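Following the hints, put chains S, B and W with the ligands in place on chain R, whose structure we already have.
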Amino acid sequence: MSGEVPDTPVAQVAARLLSNEPVGAYRHLVLDAAAVAAPARPGQFVAVAVGGDDTAHLLRRCFSIHRVDPAAGTVELVVADAGAGTHWLVGLRPGAAVDVVGPLGTPFPLPDEPTGCVLVGGGYGSAPLGWLAEQLRAAGSHVELVLGAATADRLFGVEAGRRTADAVSVTTDDGSAGTKGWVSDVLPEVIGRSSATTLYACGPMAMLRSVTDVAAAHRAVAHVAVEEAMACGIGICMTCVMPVVQDDGQTKMVRSCLEGPVFRGDAVRWEAFADGRCAVPADAVGAPVAAGGGGH
Amino acid sequence: MSGEVPDTPVAQVAARLLSNEPVGAYRHLVLDAAAVAAPARPGQFVAVAVGGDDTAHLLRRCFSIHRVDPAAGTVELVVADAGAGTHWLVGLRPGAAVDVVGPLGTPFPLPDEPTGCVLVGGGYGSAPLGWLAEQLRAAGSHVELVLGAATADRLFGVEAGRRTADAVSVTTDDGSAGTKGWVSDVLPEVIGRSSATTLYACGPMAMLRSVTDVAAAHRAVAHVAVEEAMACGIGICMTCVMPVVQDDGQTKMVRSCLEGPVFRGDAVRWEAFADGRCAVPADAVGAPVAAGGGGH
Amino acid sequence: MADLSTDLAGAVLPNPLMTASGCAANGRELHRFLDVAGLGAFVTKSVMRGPRSGRGTPRMAETPSGMLNSIGLQGPGIDAFVEDDLPWLASVGARALVSIAGSDAEEFAEVARRLRDSEAFSAVVGVEVNISCPNVANRGLVFACQPDSSAAVLTLVREQLPGVPLFAKLSPDVTDLVLIAEACLAAGADGLTMVNTLLGMAIDLDRMRPHLGGVTGGLSGPAIRPVAVRAIWQVHGAMLTGRLRPAPIIGVGGVHSGRDALELVAAGASAVQVGTATFHDPTSPARVLRELETLLDERGLDLAGAVGLAHERTA
Amino acid sequence: MADLSTDLAGAVLPNPLMTASGCAANGRELHRFLDVAGLGAFVTKSVMRGPRSGRGTPRMAETPSGMLNSIGLQGPGIDAFVEDDLPWLASVGARALVSIAGSDAEEFAEVARRLRDSEAFSAVVGVEVNISCPNVANRGLVFACQPDSSAAVLTLVREQLPGVPLFAKLSPDVTDLVLIAEACLAAGADGLTMVNTLLGMAIDLDRMRPHLGGVTGGLSGPAIRPVAVRAIWQVHGAMLTGRLRPAPIIGVGGVHSGRDALELVAAGASAVQVGTATFHDPTSPARVLRELETLLDERGLDLAGAVGLAHERTA
Ligand SMILES: Cc1cc2nc3c(=O)[nH]c(=O)nc-3n(C[C@H](O)[C@H](O)[C@H](O)COP(=O)(O)OP(=O)(O)OC[C@H]3O[C@@H](n4cnc5c(N)ncnc54)[C@H](O)[C@@H]3O)c2cc1C
Ligand SMILES: Cc1cc2nc3c(=O)[nH]c(=O)nc-3n(C[C@H](O)[C@H](O)[C@H](O)COP(=O)(O)OP(=O)(O)OC[C@H]3O[C@@H](n4cnc5c(N)ncnc54)[C@H](O)[C@@H]3O)c2cc1C
Ligand SMILES: Cc1cc2nc3c(=O)[nH]c(=O)nc-3n(C[C@H](O)[C@H](O)[C@H](O)COP(=O)(O)O)c2cc1C
Ligand SMILES: Cc1cc2nc3c(=O)[nH]c(=O)nc-3n(C[C@H](O)[C@H](O)[C@H](O)COP(=O)(O)O)c2cc1C
Ligand code: FES
Ligand code: FES
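Chain order of the listed sequences is R, S, B and W.
The opening residue of the first sequence carries number 1 in the UniProt record's numbering; numbering runs sequentially from there.
The opening residue of the second sequence carries number 1 in the UniProt record's numbering; numbering runs sequentially from there.
The opening residue of the third sequence carries number 1 in the UniProt record's numbering; numbering runs sequentially from there.
The opening residue of the fourth sequence carries number 1 in the UniProt record's numbering; numbering runs sequentially from there.
One chain only, chain R, in its complex shape:
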């Protein structure tokens, strides 16, 4: 809890929902939230209160910012109807008020010089990639997108990507669109042909790990946006931690809402993650000496 709190602006706003349209298996939400839109950068997220005034759901739900329009003051999200909270959210009608906190977390770091970039998205994880692609291309980088999902309807941003990026590759687990398989199956070829030095990825943990591996194999750097369960989104609860190697070489359990969600892929201790859990590596700072450890 030391020293890492950003001094960038963050706001809590009663945003008005301007539109809510289906897009494949997801819903595309546009919110009127100027104070969030203005400072936001790709990779950051918002934390949204769900369920209304008398809800039994206490915790905010986090969503990557799909894009913002600072001039219009809008913030856009792509939301999967996953459980009770998202179900409520995607059921809102335009005009409804939505309590939004943001922008939160670290953005994708942009390269100092134009370079070859590959942006990898899994499912709704591709939500922020179009916006990122635009910024990268505007700064002169070559940008290719690799978008994967379980099925065609769970792909997001393919059409828009074809307009924005230099090329788009698609994979689906079931082959219902693009190459049958995983993004990691096509990624080496894409990196190779575009001589990419920088990868950006957003999606499930397993995907982020394999993107990191492929990047390493190609001497590229991967910046990955993770998705850990978050109770607060603003750095005060310590629920969203993961083991990340620090500059001094030590592994710490760091808050992915504050020091992430974007991390360097090669700094994440992937081997600690298994079957929906993440263990504290034995060499992490302050790791329990014996089993147990206790206390809340």
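Quick caveat, the hints were computed from the structure, so don't treat them as lab data.
Check each hint, because a few of them may be wrong.
Pair ranges (Cβ atoms, derived) [said to hold, decoys possible]:
(1) S/PRO6 <-> B/ARG207: 31 to 41 angstroms
(2) B/ASP35 <-> S/ARG163: 52 to 62 angstroms
(3) W/ASP302 <-> S/PRO39: 52 to 62 angstroms
(4) B/ASP35 <-> S/PRO39: 43 to 53 angstroms
(5) B/THR294 <-> W/GLY305: 54 to 64 angstroms
(6) S/ALA216 <-> B/THR294: 39 to 49 angstroms
(7) B/ARG207 <-> S/ALA216: 52 to 62 angstroms
(8) R/SER195 <-> W/GLY93: 33 to 43 angstroms
(9) B/THR294 <-> R/ALA84: 15 to 25 angstroms
(10) B/THR294 <-> S/PRO39: 29 to 39 angstroms
Small disclaimer: the values here were computed from a predicted structure and weren't measured.
Ideal Cβ positions, reconstructed from N, Cα and C, are used throughout, including at glycine.
Chains S, B and W with the ligands alone, transformed into the frame defined by chain R:
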């Protein structure tokens, strides 16, 4: 818990809200709930789930049935925006689904022969009286209404009453409509001039008690519909009890959702009620011998 | 199709779903909404020796995802119960798990005796001993607060009811639940029902005084489910490690859906009661049963295979 | 305008609102949303001797009107805390109520000593001793489960911090809270903070295993408010009847609004902490303060006059 469960029909329905219009300080709700409408009689009530799927509000809210139209299958309610649950309910738009259980409780007993009847309502308590008045007049009784409220906008059913009943008297605490004062101020005169033998009342406890007193002074019988806090509305929780003298002269703590809400006024042990509480009379069956008594 | 039957210390029930004591009266009221004979068992309101008026009102307060009650064990007394309520349950074919209570151990025993001697006793599949009620002899502290007072009750009840499946209903408001469970099992309980309500309270802010007539009350509903799951986990875990002898647990606390019921089962419950949720939806016990069956089917599990399963899958 | 000031065993605070330990990190994070110096006190995350990684994930589960957490007391350790966090709190003018923890009584004392010897100690208005954490010497049972282990901690901490207002933070998961309170006050605590989380648990139904990395976790949020009100009521009541010596109580548990805060105050709390609600609304502690002020104004009460008021109005 013995023997008193009615064998009249009761239903749980996902009712559709057909309309929701303001009426004075209240909202008038019309629900499509044929299975509730068909068997309902004036004095009975419904128990409505509030707050939606993910609500923190577990308990149903109870409302007198304003009237039903068995042919149309509609049930009408008059709802005051009193707290969180009613606030949610009055905010629903037509088309919404409302989980309704009913009809519940005892109806107002109708006289065997035509007679003089005075119907007394306080605030939204007058909701069921118009419907009751129609039934009484159809059976040949003379019906007068006495409607009171704190302020003019909290009166309900005055206009409709003038069409239905033989006469309508109005009181308000602040004099903003009708006679300034309480219903009990005008009631003696109304009873006297109409030679009423039967009173029906619905409203706050203090009003029901004074209606009972006035009735006794005029050798009339008062049937009062009470409003106790109810957790279930269907007789399974024992929260809604009040001390009522039984036919055998013994006082029992009876469930007002099952053996009420309509009781003979002279059977209710009014002296047990004070300042928002109701004590168990010392002579009630099974009354605690020492203080405490314990257990849930 | 999952086999839903469950063996509760000899009482073999076709399915594990039950009402919870005090949340379904004695059957007739709920029978308007669901067939009480279709439940694994119908659990009656705790009955004492004589008729009881219960406490004054207000007896309830809604709380976030829960409620407080201070009913004060209102009921007709054991004689009226065995004359009227139990025969009715028998007449519709319900399996009755009869909940009994007392102000001292002797009253429990007396209630048990009169129950045993009653005509409709054949409808009784077991007796639930509600030791989470106040012990007059001990400053009104509930029996279930202490191992010795819990054991005293179970011993006397056991004597009256040889061969009848006996479940001790525990309060979660204790420092060490396993100790109480141990005392009950040693004194003759065949199994445990967990949990009764948590002691709670609400303030009436208009009058700045306790809201409930009984001042404090019992907290129930989904709000307490995590406590119920933990209690069942601890006690079933103690059985797995040998600290307690194995015995069936009936889970109760905050069950509102089949998912909730499966949580209690996975933690170690062989049967599940639905209490407060029935106030929200009168068909809850039957609905939860259907939902639980679907969840078990989806997982390819029989009920017996799901009981305590989460213990096997803990690293 | 209501006088909101409160005297906590000599620490006179301009208002009774505080963050809750572990629900506001150490100040900087929340300072983006509200001025932490505007609160009666800022309560820091329980700090131990050395840095601690805490537990693996998942560390949280949402539950009806509440949540479970198994953080495992992650933190930088007392040296980093006094070098970095405490000076920051001092620099913005916050009044710090520093929460300390330990695996044995000696660790508590050591943390207290290093705190006392630190440069920014002047920002400390009091110390909250989190005895609701596991005692390695006693099978990992929390200190606050037993009077003697609670007293042992308080005695050693008291020695290190003469004259500093000392609050023992109690767990509600005990049979007799008054006993624990008594032991803490006798051992040198100036007051009590009540309550810490309830022990709870959730099952991951996809994997049929405990959801939390730590298996069990602490239940917090509005769901537990009735338990907090009851705990405060019991302990303040014991002070009124002379069973306990009078001492200030800091209330915590499920406060989400000014009405909730007033419930705790009316039950006997002289100050109120807002924990989990801050996750829902980062401005909660400041908002609750405003709402509480309005409610007191409406009732013509000063804070001091409202503390424990419901006891006077009980029949
Ligand atoms: C930084 C970040 C960015 C995200 N971006 C998006 C996005 O752009 N689009 C999108 O649809 N979803 C996104 N998610 C996932 C989204 O937050 C979850 O789908 C959502 O929280 C599920 O809530 P629920 O109430 O529908 O499900 P429930 O299962 O009812 O949720 C129960 C609890 O678990 C948490 N939880 C459940 N699933 C997840 C998950 N996958 N990740 C984190 N917490 C979870 C919830 O927040 C809640 O506290 C993101 C998550 C994070 C952390
Ligand atoms: C038989 C009966 C008939 C009723 N008829 C009507 C009617 O026709 N129109 C109408 O507007 N209201 C009627 N009420 C009152 C209505 O039920 C309450 O206004 C409503 O329950 C308040 O809920 P809330 O969530 O808005 O308030 P909250 O204060 O948030 O409710 C909290 C809890 O207290 C209970 N409660 C609060 N006020 C009352 C009350 N006055 N009576 C009973 N329980 C209460 C609620 O049911 C809930 O459990 C009737 C009540 C009963 C028992
Ligand atoms: C209104 C009410 C009355 C209750 N009465 C009893 C009772 O008589 N005997 C008993 O053992 N438990 C009683 N209980 C406790 C329940 O049986 C159950 O243990 C508790 O409510 C937790 O389950 P739930 O969350 O599903 O309601 C009562 C609970 C409520 C809400
Ligand atoms: C995520 C989380 C972490 C907590 N960490 C601590 C802690 O370090 N020390 C402590 O004394 N209490 C801790 N608590 C308990 C809270 O301070 C508080 O006592 C409890 O959550 C009840 O209050 P609430 O319902 O307002 O959250 C923690 C609670 C939560 C939810
Ligand atoms: S989500 Fe609370 S610290 Fe990250
Ligand atoms: S409201 Fe439950 S018994 Fe009457």
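Results of checking the hints against the structure:
no. : hint                                      : verdict
1   : S/PRO6 <-> B/ARG207: 31 to 41 angstroms   : 35 angstroms, holds
2   : B/ASP35 <-> S/ARG163: 52 to 62 angstroms  : 46 angstroms, violated
3   : W/ASP302 <-> S/PRO39: 52 to 62 angstroms  : 56 angstroms, holds
4   : B/ASP35 <-> S/PRO39: 43 to 53 angstroms   : 21 angstroms, violated
5   : B/THR294 <-> W/GLY305: 54 to 64 angstroms : 56 angstroms, holds
6   : S/ALA216 <-> B/THR294: 39 to 49 angstroms : 58 angstroms, violated
7   : B/ARG207 <-> S/ALA216: 52 to 62 angstroms : 30 angstroms, violated
8   : R/SER195 <-> W/GLY93: 33 to 43 angstroms  : 54 angstroms, violated
9   : B/THR294 <-> R/ALA84: 15 to 25 angstroms  : 18 angstroms, holds
10  : B/THR294 <-> S/PRO39: 29 to 39 angstroms  : 33 angstroms, holds
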